[in-house]
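S.K.: Chains X and B, in that order, give the protein sequences. Letter 182 of the first sequence, counting from 1, is numbered 198 in the working numbering, and no numbers are missing. Letter 117 of the second sequence, counting from 1, is numbered 126 in the working numbering, and no numbers are missing.
Calculated from the structure, these hints are not laboratory results. The beta carbon of each residue, even a glycine, is placed where N, CA and C say it ideally should be. Hints may be right or wrong, so weigh each one.
[Stated by the list, open to error] Taking lysine-lysine pairs in the DSS-like style, the calculated list, with each CA pair at most 30 Å apart, reads:
| hint | chain 1 | residue 1 | chain 2 | residue 2 |
| --- | --- | --- | --- | --- |
| 1 | X | Lys56 | B | Lys105 |
| 2 | X | Lys156 | B | Lys364 |
| 3 | X | Lys68 | X | Lys95 |
| 4 | X | Lys213 | B | Lys304 |
| 5 | X | Lys152 | B | Lys390 |
| 6 | B | Lys390 | X | Lys56 |
| 7 | X | Lys152 | X | Lys227 |
| 8 | X | Lys162 | B | Lys105 |
| 9 | X | Lys162 | B | Lys364 |
| 10 | X | Lys156 | X | Lys227 |
| 11 | X | Lys213 | B | Lys390 |
| 12 | X | Lys95 | B | Lys364 |
| 13 | B | Lys390 | X | Lys162 |
| 14 | X | Lys109 | X | Lys152 |
| 15 | X | Lys109 | B | Lys386 |
| 16 | X | Lys213 | B | Lys105 |
| 17 | X | Lys270 | X | Lys101 |
| 18 | X | Lys95 | B | Lys390 |
[What the hints assert, rightly or not] Here are some, though not all, of the chain X residues that point toward chain B, as calculated from beta-carbon distances under 7 Å:
| hint | residue |
| --- | --- |
| 19 | Leu139 |
| 20 | Tyr140 |
| 21 | Leu219 |
Chain by chain, the residues:
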Amino acid sequence: MHDRSSSGLHLLHDTDTSKRVSPKDLPFAVQGMTVAYHHKPVLWGVSYSAPKGCLTAIIGPNGAGKSTFLKAALGLIPKLSGDTKVFGELIEKALRRIAYVPQRSAVDWDFPATAIDVVLMGLYGQIGWFRWPSRKHRQKAMDCLKSVGMQDFANRQIGQLSGGQQQRVFLARALAQNSEVYLMDEPFAGVDAATEKAIVAVLRQLVADGKTVLVVHHDLETVRDYYSHILLLNGQHVADGPVETTFTSENLQKAYGGRLASTQLDGLSEASNS
Amino acid sequence: MEQFFAALTLSAGYNTALVCAGAALLGAASGAIGVFVLLRKRTLISDAVSHATLPGVALAFIIAQVYFGSGRSLPVLLSGAALSAGLGVLAVDWIKAHTRLTEDAAIGTVLSTFFAVGMVLLTIIQSMSIAGQAGLEGFLLGATSGMLRSEALTIAVAAALIGLALVLRMKEFSLLCFDDGFAAACGYNVRWLDRTLLLLLLGIVVIGLKTVGLVLIIALAIIPPVAARFWTDRVPVLVAIAAGIGASGSYIGAALSASAPNMPTGGLIVLVLFSFFVVSLLISPVRGILAAALKHYRFQRIVHLRQGLLAIAHDEPVLEPLTRSILRRSGFMGGDGQPTRKGQSQARLIERDQKLWNLYREMYPEESHALADWSLKPIGKVLPADTVCLLEQELSPHVVRGGETGNGGAG
């Protein structure tokens with residue numbers, strides 16, 4: 017194991033994270049994250065710091081630990097080592113500054129709730145214990161539904177929504193949290209083109225408002241269009257940085273190995289950046 | 010019968026009234042908690058909790074008998090029950106965390122072992138030939154006859170407190186049950202929330218032992234929410250209905266038991282609850298069987314109506330008798346079998362709607378596959394306005410009319 021972590025890949029991220037910035041300016045900094053399921057490492061010594069106010073895609077092959085990376089960084093699953101700092105604070109104490117959008121498949125959509133009920137859940141932290149959502153909270157939830165184009169479906173049972181609509185509700189819930197950092201786990205999985213457009217518009221608006229957004233992303237063909245930065249994972253940290261300099265066929269080859277044909281790689285990395 | 014109505018109307022004596030009221034509060038609280046146990050998909054663990062109370066009850070009886078001379082003190086027995094049930098839950102948790110066994114396997118093992126220990130202890134107590142042991146069998150199947158006033162009062166107060174605690178935490182419990190990952194990411198201590206929920210459940214099981222008995226107490230937590238789920242799609246309403254069903258079922262059951270003291274109270278309560286379940290299953294307008302049949306009838310009607318109108322739009326003859334009669338009854342077809350003017354204009358609307366649907370299915374096959382009611386409802390009522398707008402543009406790039414198309418269609 018150790019000879020793997022001391023390879024050139026490891027050196028690469030060391031140089032990347034050694035910029036001279038105060039930890040208070042780093043919205044999401046992960047240090048030495050290692051996660052294992054039943055003694056089998058899934059993530060090995062990943063260190064990464066998200067660029068502030070940027071839209072970053074987390075990409076990598078299946079099983080590269082992309083979702084695991086988010087979950088472990090948030091403390092949702094146990095990790096063997098590593099910590100996450102949000103603006104210099106340990107994440108456990110800074111969860112209010114983070115909004116997390118889980119995978120749509122993580123929940124049972126037959127749950128007795130309407131779309132607006134789910135969005136209101138994003139406000140529970142602000143409402144506090146022993147109190148109920150007020151008219152003001154409902155209005156805010158409604159505004160969030162509106163910004164994802166779902167205002168007409170506020171009172172529909174969530175099981176009766178399509179996959180794309182469910183994903184929009186999840187996004188609206190995260191918007192309701194009004195956080196500084198957004199972590200999203202495959203928001204584009206199984207959604208229609210209109211929903212994809214709506215989600216991209218929301219992501220861009222978030223970045224325009226100065227938020228830091230990290231998205232686990234599957235579709236390599238849209239990376240260039242949607243994101244300004246990437247983090248490439250393959251069980252380990254492969255590379256991170258601006259799309260123009262990091263989304264190269266060399267790096268993709270490192271992350272995906274033989275799983276991408278070289279012609280495919282050339283097509284992706286040389287696509288015009290219009 | 011007379012006695013039953015007397016018990017039902019709280020006029021069969023102060024004791025009976027207190028027992029019935031206590032049972033009603035117990036039913037309300039356990040129904041409300043059951044909602045979250047059900048939504049958290051942990052109904053099985055409540056069975057483990059209840060069966061794990063038996064060795065505690067028996068041990069507490071023996072200890073109290075040895076040290077105080079009498080084992081028949083409800084608070085002592087219930088404390089024993091709570092302790093061993095808590096131990097049972099911890100055992101399940103431990104097995105789940107430290108082995109690769111699944112929760113149901115862990116529950117099965119713990120449940121049967123604890124129950125076995127309890128049965129052995131009960132037999133030992135019976136061979137000890139001491140007074141007061143007869144009451145212990147009541148813990149198995151529930152017995153309210155001979156319940157003391159103080160006991161009934163304890164049950165009522167404890168149930169009310171547990172119910173109150175639950176209602177105060179309802180928001181957090183809903184979040185936990187729907188999306189525990191999100192709850193954890195919001196900073197809620199999911200483990201602790203789960204423990205609190207189990208603790209409340211444990212409290213209900215323990216105070217319900219005397220009334221319903223440990224074999225059937227799980228029914229009091231499970232049947233009311235399952236029955237209530239037929240009636241609503243909202244958590245607060247679900248909690249209210251489940252509490253209502255639990256309360257009335259337990260109340261009626263306890264009253265029945267008061268008029269027939271030889272019958273086990275727990276069994277009667279569960280049977281009454283079951284009848285609530287059957288009624289809900291049949292007649293609920295949301296998810297009931299009759300409603301489903303009615304929905305199927307309407308569904309068939311919509312299909313025929315739509316296909317008939319599409320045939321009219323394409324100038325094809327409508328041959329199927331059912332379709333013709335539905336079209337006639339809706340005023341879309343005259344007695345001569347020719348479409349009316351109203352029918353023709355409706356046919357054009359439906360044709361346009363169908364075109365949009367076809368386009369949608371062509372453009373997003375995966376997405377439309379997941380939609381249950383594509384092309385049965387006007388597209389604007391199923392898809393968001395921006396998607397419909399996109400389809401409209403695709404269909405006729407020069408005319409953009411927003412998401413209005415289809416709103417006047419058959420619904």
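S.K.: Need the list of violated hint numbers for this structure, in ascending order.
M.R.: 2, 4, 6, 8, 12, 15, 16, 18, 19 and 21
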